[in-house]
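S.K.: Residues per chain, in single letters:
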Amino acid sequence: MTHIVEMKGMNKYFGKLHVLKNIDLTVEPGEVVVIIGASGSGKSTLIRCANGLEEYESGKLTVDGHPLAPKGGNQKALAEIRKEVGMVFQQFNLFPHLTVKRNIMLAPMKVKNTPETVANATAERLLNRVGIGSQADKYPSHLSGGQQQRVAIARALAMEPRLMLFDEPTSALDPEMIGEVLDVMRELAKEGMTMMVVTHEMGFAREVADRVIYIHEGQIVEQGKPDDVFDNPQNERTQAFLSRVLAH
Amino acid sequence: MDFSFQFDWQAAIDSIPFLLKGIPYTLLISFGGLLIGFVLGIFFGLLSINKKWFLRWPATAYIEIFRGTPILVQVLFIFYGLPDLIGSPINPLTAGIAAIALNSGAYISEVVRGGVQSIDKGQTEAGLSLGLSRSQTFWSIIWPQAFRRMIPPLGNQAIVSIKDTSLFSVIGVGELVRQGQIYIANTFTAFEVYFVVALLYLAITLSLSMILRFVERRGLASV
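Taken in order, these protein sequences are the chains called A and B. Oh and the first sequence: position 220 is 220 in the UniProt record's numbering, straight run, nothing missing. Oh and the second sequence: position 22 is 22 in the UniProt record's numbering, straight run, nothing missing.
Everything labelled a hint here was simulated from the structure, so no lab data went into it. Just so you know, not all the hints are guaranteed correct.
Said to hold, decoys possible - Residues from chain B that face chain A, not an exhaustive set, calculated with beta carbons under 7 Å:
(1) G122
(2) E125
(3) S129
(4) G131
(5) Q136
(6) P144
(7) Q145
C-beta: ideal position from N, C-alpha, C; glycine also.
Could you put together the complete structure from these sequences and hints?
M.R.: See below:
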């Protein structure tokens, strides 16, 4: 079986700061991997490497069979990877000058030369799927945060990705809107999407993840099934982190 | 001495037909120059934020030179200086358009740079993560947003450049001020004529302001 993501001895620096240390990680098709850790631990950087938004300095990274060389090498592989990997950001990053529907149609039309009518139909289908079909012709600023994030998910799905990256998708949302976004992600997981999710939503992690990874100061210090990691953490750092986030 | 002064309305009105002949030149130099300046501004403005130093450096040099020297010196240099170099005279109209183009191009470069840099990095990341190339991301996501933010400072630059053309009376291009000078030489009605000249500039710049305000309102309505 081919791995969707394979990281081997991957190292990443911001200047002198060693942010990812010797990361070994594989993600299998259909797997939902939730990455937890304190802020600044490198968890966002880790998933941003998986679609080349961050370059890494040494080691190996292969995404869906495309080897991505360190230091931004291999632009061709990078282009292929980005077509196959969708990403959802903390701040949504919708395009404010385009309607919701145009946000979703843009990439298929530009990258895959999908005819407008087809892209339009896809956008409508995806918007219905994330429960906001009626907002298609509005501009993003007229939508609530939860709705905007659901549009962002639909936008990524329009490229029919093989892997979806979620970088703290609910951290910028008002509490009452978190649920609607997690529901969409839960559905996606159920349908078999391969997902790497950075989140602070421990309930979601426990329920949806196939595997939970705890990262501390750029190192994977513990990983396993959610019940094992949450109920019986082996590493004392994981224990300390979980006692802090689960206490309240 | 007699300080009593009568504003001679008739002299002012009589001067108008002659002065109006200068307006096509004023507009041609302004908008011809600004159009080329806009192209230069996009080109050098984008170069000035390029990661590669050998692209950035010449753009920065161009911007600093043309922002850092007076436009009067620039037009004199082009009109009187350059012919020595190229061995043939340059007509005043061409020199005027070139001066506005090069000068406004430097300022517009800065407007372009500021506009593009004001767009959140997340927009680029979103475009790239969807598989768009760098240039697709720029032209379909960053540029349309940046351009909207550039409209007010571009309008400001247009008004500055229109007024700058008045300096080109020194190279004898028959724009508004030059027409005024010629008229005054025959009638000695400086007060009235320069008053009308000023009003005509105001008419041009106010019309432009109104158009820009309209464009801005429409452009921003959707965001």
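S.K.: Does each hint fit the structure? Answer for all of them.
M.R.: Okay, the hints, checked on the actual structure:
| no. | hint | verdict |
| --- | --- | --- |
| 1 | G122 | 4 Å, holds |
| 2 | E125 | 6 Å, holds |
| 3 | S129 | 4 Å, holds |
| 4 | G131 | 4 Å, holds |
| 5 | Q136 | 5 Å, holds |
| 6 | P144 | 5 Å, holds |
| 7 | Q145 | 5 Å, holds |
Checked against the numbered hints listed earlier, the structure breaks none of them; every hint is satisfied.
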